[in-house]
Amino acid sequence: MPIKLPDLPYAYNALEPFMDEQTVRLHHDKHHAAYVNNLNAALDKHPEWHNKGLEELMANLKAVPEDIRTAVRNNAGGTWNHNLYWDLLAANAGGQPGGELLADIQKSFGDFAAFQQKFNAAAVAQFASGWGWLFIDDKGKLAIGSTPGHDNPLMSGAANISGKPLLVVDVWEHAYYLKFQNRRADFVGGFWSLINWKKVEGLYAAARG
Amino acid sequence: MKRREFLTVAAAGSAGVLLAPGGIVPAAQAVETTAPGAFALPALPFAENALEPFISARTLSFHYGKHHKTYVDNLNKFTAGTPLAKLPLEVVIKETATDAGKASVFNNSAQVWNHTFFWRSMKAGGGGQPGGNLHKQIEKAFGDFAGFKKAFVEAGLAQFGSGWVWLVSESGALKVVKTANADTPLVHGQKALLTCDVWEHAYYLDYQNRRKDFVEAFVDHLANWDFAAQQLG
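As you go down the protein sequences, you meet chains A and B in turn. Just so you know, the first sequence maps onto residues 0 to 208 in numbering that gives the first Met the number 0. Just so you know, the second sequence maps onto residues 0 to 232 in numbering that gives the first Met the number 0.
What the hints contain is simulated information worked out from the structure, not anything from laboratory work. Being a predicted model, the structure only gives us computed values, none of them experimental. The beta carbon of each residue, even a glycine, is placed where N, CA and C say it ideally should be. Any given hint could turn out to be false.
Cβ-Cβ distance ranges computed for the label pairs, FRET-style [stated by the list, open to error]:
no. : chain 1 : residue 1 : chain 2 : residue 2 : range
1   : B       : Ala49     : A       : Ala102    : 56 to 64 Å
2   : A       : Ala102    : B       : Ala179    : 37 to 45 Å
3   : B       : Ala145    : A       : Ala204    : 55 to 63 Å
4   : B       : Ala39     : A       : Glu15     : 36 to 44 Å
5   : B       : Lys190    : A       : Gly97     : 56 to 64 Å
Listed below are several chain B residues computed to face chain A (Cβ distance under 7 Å; list not exhaustive) [claimed, not checked]:
no. : residue
6   : Lys65
7   : Asn106
8   : Phe159
9   : Glu199
10  : His200
11  : Gln207
Same shape as in the complex, but just chain A:
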């Protein structure tokens, strides 16, 4: 059962002007698609792993056959992270979350602006290619962090952070270079206008059962 590339949940130009159509088109149809294809190619070598879901693969990297382990880590991560990234963005979005999530963000980081500043700092500081995250850490607390490559908090024991992802920003240069070039901070600043907080709230509620 090959892993599939999900369709974008909106038009290629829906995220303008913060994320331009050409960037979204290349990012989804070329980069994201390549990770899906590379993952399937790796799993073809060990068909018994082909029925596992992405989460199961990422949580059990140590059990994945060694000859495809790095390929699975990079490409399952690349597939899953982009799936989440696209899913949490929307046109006419942004603002702030509501309810329990906002209350817990305030409790954890002081206020929403302090949270944003901390998230931006983590995303901007990630050296080279990677991702910035808001996640629930293994103690159940809201946390901010960043991962290199396509690592994510679900790669328990392999990645530098561990927990349940709630929000993610892609800081690989392909995510922003056509529009922002070296100005990663400007891209991350604009990202706040695209966040579909209803989805993030849904993840938070689900993660807390």
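Place chain B on chain A using the hints.
Then chain B, alone, in the frame of chain A:
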């Protein structure tokens, strides 16, 4: 975000703020310019439009004028007032390579060196094949020049994420190697002869996701074999 603001945020350090190892350098993002420091940005050895159409003047204006310059600025910032500021660049790189606490200095110093080496690895009207001893060494290591090109392009494609592909000399034999992020042959007992930058910023404006086309253009049209031969000695 300015460095000072970032440090304030990091120092606030509430539970759960985790950064990747070596992740506290606002690498290519700092916009502040600094007073002249111990380390200088070498002049580009050609005009910004000299490598057209294979690398655009626009790409070079960002790559040299922003990315390379920012590594120099950050290196000066992170070494200001420390003994490292008095050392030659290559010594700084070697001294910080295995010190996780100095990852910011290593990343920026190695990136300064790698970029300077990259510019010298190219010239207008480059490409083709080397002559003399370098050609013989390439045939010995790779069978023929096509074998070298294949190995170099494949290594460039195989480098996951950001990094570099190199032709190096190690223990008297030529090799193609790839390094991740800021990593450099200098700290692996290898002598660098030629490099191509495969960070996305090196090619995204001109080639987008087509890294293979970029690395092939580097070998076919830009590689400065005179420089590589000089390095081989």
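Results for each hint:
no.: 1; hint: B:Ala49 x A:Ala102: 56 to 64 Å; verdict: holds (58 Å)
no.: 2; hint: A:Ala102 x B:Ala179: 37 to 45 Å; verdict: holds (41 Å)
no.: 3; hint: B:Ala145 x A:Ala204: 55 to 63 Å; verdict: holds (58 Å)
no.: 4; hint: B:Ala39 x A:Glu15: 36 to 44 Å; verdict: holds (41 Å)
no.: 5; hint: B:Lys190 x A:Gly97: 56 to 64 Å; verdict: holds (60 Å)
no.: 6; hint: Lys65; verdict: holds (4 Å)
no.: 7; hint: Asn106; verdict: holds (6 Å)
no.: 8; hint: Phe159; verdict: holds (5 Å)
no.: 9; hint: Glu199; verdict: holds (4 Å)
no.: 10; hint: His200; verdict: holds (5 Å)
no.: 11; hint: Gln207; verdict: holds (5 Å)
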